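Novice: Each chain, written out:
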Amino acid sequence: SQQGEEDPQALSIQEGENATMNCSYKTSINNLQWYRQNSGRGLVHLILIRSNEREKHSGRLRVTLDTSKKSSSLLITASRAADTASYFCATGPPRYTGANSKLTFGKGITLSVRP
Amino acid sequence: NAGVTQTPKFQVLKTGQSMTLQCAQDMNHEYMSWYRQDPGMGLRLIHYSVGAGITDQGEVPNGYNVSRSTTEDFPLRLLSAAPSQTSVYFCASSYRPTDWAEQFFGPGTRLTVL
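Those sequence lines, one after another, are chains A and B.
Count along the first sequence starting at 1, add 779, and that's the number in this note's numbering.
Count along the second sequence starting at 1, add 1097, and that's the number in this note's numbering.
Hints are computed from structural coordinates only; laboratory data are not their basis.
Treat the numbers as computed from the prediction; the structure is a model and nothing was measured.
Watch out, some of these pointers could steer you wrong.
Okay, the calculated beta carbon distance ranges per label pair [to be verified]:
#: 1; chain 1: B; residue 1: Gly1137; chain 2: A; residue 2: Ser837; range: 48 to 58 Å
#: 2; chain 1: A; residue 1: Ala857; chain 2: B; residue 2: Glu1169; range: 33 to 43 Å
#: 3; chain 1: A; residue 1: Ser807; chain 2: B; residue 2: Gly1160; range: 27 to 37 Å
#: 4; chain 1: A; residue 1: Arg893; chain 2: B; residue 2: Gln1114; range: 19 to 29 Å
Simulated pairs of lysine to aspartate or glutamate, DMTMM-like, Cα-Cα distance not exceeding 25 Å [said to hold, decoys possible]:
#: 5; chain 1: A; residue 1: Lys886; chain 2: B; residue 2: Glu1199
#: 6; chain 1: A; residue 1: Lys835; chain 2: A; residue 2: Asp862
#: 7; chain 1: A; residue 1: Lys886; chain 2: A; residue 2: Glu784
#: 8; chain 1: A; residue 1: Lys886; chain 2: B; residue 2: Asp1135
For glycine and all other residues, C-beta sits at the position ideal for the given N, C-alpha and C.
Using the sequences and the accompanying hints, generate a full structural model.
Specialist: Here you go:
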């Protein structure tokens, strides 16, 4: 079963606007990752946030993690047409299992940035 | 560095045929994984490996075999192709357990089973 679920499924915004995407998960985690996939390509890693971190920045990306709500958000500021892609959150298995080599991906969010 | 490479890029099989999807990485990563991506389903883990000689099953392993004889290569074998295996297959590698490190993905193999 999917550990991470993204919301919304699709998002369409104007260039220059901010895009916010959310991810919820079911069980306790060690880390949460966000990936981007351009059409017809493999996934590219964006950011990893650890369970003891609340916020992390990378360029125009800002990721937050709320372990009490089991949710994360990815904010892309000042969006560009080149940000058009699918975005996935990924989590490992529950912390208590110790099986840390199985990453589970959500179904993804399709972001369209209109020029 | 070439990163993670996958061959072929496209493949069409008939039901019942077998084939091997190739995956190689030149980053000396211990951890490698195979995923399949279907519309509306996201990525699902098929098999993974934590080092040469060590493999384990993921979420959807039925109909697939893997082996890891070297650090660099992690081939995925379809034993008897079925239409349900029509999908895009991605190989990925990382230098630490996948939960703790960035995964590097290959460009994918688009497989159609008729």
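Novice: Can you name, in rising order, the numbers of the hints this structure does not satisfy?
Specialist: 1 and 4
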